[in-house]
Amino acid sequence: MTATSPAPTLTATPGQTIGPFFHFALPFDGDRDLVAPGTPGALLLHGTVRDGDGAPIQDALVEIWQADPSGAVPRRTGSMRRDGFTFTGFGRSTTDISGRYTFTTLAPGGVDGGLPFFGVTVFARGLLNRLFTRAYLPLDGAEPDALLTSVGERAGTLLTERDETGLRFDIRLQGEGETVFLTYPGHSAS
Amino acid sequence: MPELETQRQIDAEIAATAHDYEQSGAEETQPRLDYAPYRSSILRHPTKDPHHADPEGIELWAPCFGERDIDPLEADLTIQRRGEPQGEKIVVTGRVVDGQGRPVRRQLVEIWQANAGGRYIHKRDQHPAPIDPNFTGLGRCLTDDDGTYRFTTIKPGPYPWRNHLNAWRPAHIHFSLFGTDFTQRMITQMYFPGDPLFALDPIYQSIVDPKARERLVSTYDHDLTQPEVLMGYRWDIVLTGAHATPLEQEDHQ
Chain A
1 MTATSPAPTL TATPGQTIGP FFHFALPFDG DRDLVAPGTP GALLLHGTVR
51 DGDGAPIQDA LVEIWQADPS GAVPRRTGSM RRDGFTFTGF GRSTTDISGR
101 YTFTTLAPGG VDGGLPFFGV TVFARGLLNR LFTRAYLPLD GAEPDALLTS
151 VGERAGTLLT ERDETGLRFD IRLQGEGETV FLTYPGHSAS
Chain B
191 MPELETQRQI DAEIAATAHD YEQSGAEETQ PRLDYAPYRS SILRHPTKDP
241 HHADPEGIEL WAPCFGERDI DPLEADLTIQ RRGEPQGEKI VVTGRVVDGQ
291 GRPVRRQLVE IWQANAGGRY IHKRDQHPAP IDPNFTGLGR CLTDDDGTYR
341 FTTIKPGPYP WRNHLNAWRP AHIHFSLFGT DFTQRMITQM YFPGDPLFAL
391 DPIYQSIVDP KARERLVSTY DHDLTQPEVL MGYRWDIVLT GAHATPLEQE
441 DHQ
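Protein sequences appear in the order of chains A and B.
The numbering of the first sequence is this note's numbering, which starts it at 1 and goes up by one.
The numbering of the second sequence is this note's numbering, which starts it at 191 and goes up by one.
Treat the hints with care, since some could be wrong.
[As the list claims (entries may be wrong)] Reference excerpt, derived from the structure (chain A facing chain B, CB under 7 Å, subset only): (1) 16; (2) 24; (3) 58; (4) 87; (5) 129.
Derived by calculation from the structure, the hints in this document are not laboratory data.
Quick caveat, the model's predicted, so the values are computed rather than measured.
All C-beta atoms, glycine included, are put in the ideal place defined by N, C-alpha and C.
Could you build the full structure based on these sequences and the hints that come with them?
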């Protein structure tokens, strides 16, 4: 429990699966374009979501929430009506038939001196509650932070990899290379 | 396609897990991710425990949505097309609060649902019930300063699915919610009181604690019901944890 979070007194409402039929409801125009393609500094954050057999998951939804390149936390509205100029820091992408999600965005800066990372939330049919994780920028010689250190040998699942279009971050729900998912103070174990 | 199992087999698995839970003496408040009666979960649940993280940086904040994002008319699912949709018109309203009961103000709530006949407007929905040309089943709104959301819609029907033979989902509305912190993001389903399918549904039963799963069931509220117009349901939502306001953060520094 962090010093800044008072203990909750109410029990949280349970989550449920996103189910198979969200595609007509949750996507919106420009949902995965935090900046317009071609914007100076724009990169593609992308990856494949896979199940315990390594098969791509075609009906997942991935969301990201990030700082701007200076490390400032965006406080601007307008994610659902992109104007091409306002950086809101929020993006949403369905996975396609190959299990791939994509975002066009800018590399986040570190907030308050921390390592830069994207906050990532994963939903899918068959997944009974949302999963949280972090997609860190490549360390490039920087020291791992407390979280990466505490994760130990699985820390690599939290690191993006640079490729020809930007950054790759694969998500494995189960099995070999299973992504480290996070729980925060105030969350119950199950 | 493999032969589907029977409801009786699913019931036996649900009952065995419920029995083990009762014996354990523990209290769980969220669904299990590893819940085999919901067959699609078998290969889609992490096998390792989630790693504890103290929220930092971006995780202490949530995306902002505002009047630029949402048209107030999107909260009424009965006026999106030219005519009146089929079915029982209802209002669903309640408050979104954090773990300390503080309202989540001016935040986005999204819903989606089947029509009165149990059919979604979705290309993968193969249920032969008719599509209603006057109903899309998609709504959005912002909570007000008291954390209250409000939707006018049609009561959704139950619908069949292929988890097992003769599987039917209880009527429900999907809810997508943001808090004041990234860590409060959630998606869930709201149900209607007294549904006979509750006991048979592995998604609802994946919340193995009876008190916990009842938190997903709305309450019929006659004070919300409008004479000769619609029926009213109330459902309040508590997000995980309690957020720190910027002022409190400063106080602790």
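We went through each hint and held it up to the structure:
Against a cut-off of 7 Å between C-beta atoms, the interface hint on residue 16/A holds, since the closest Cβ of chain B lies about 4 Å away. Here the hint on residue 24/A is kept, as its CB sits about 5 Å from the closest CB of chain B, short of 7 Å. Given hint, residue 58/A at the interface with chain B, is violated; its Cβ is 10 Å from that chain's nearest Cβ, farther than 7 Å. With its C-beta approaching chain B no nearer than about 12 Å, residue 87/A sits outside the 7 Å limit, and its interface hint is violated.
Given hint, residue 129/A at the interface with chain B, holds; its Cβ is 5 Å from that chain's nearest Cβ, closer than 7 Å.
In this structure, the earlier hints numbered 3 and 4 are contradicted, and the remaining ones agree with it.
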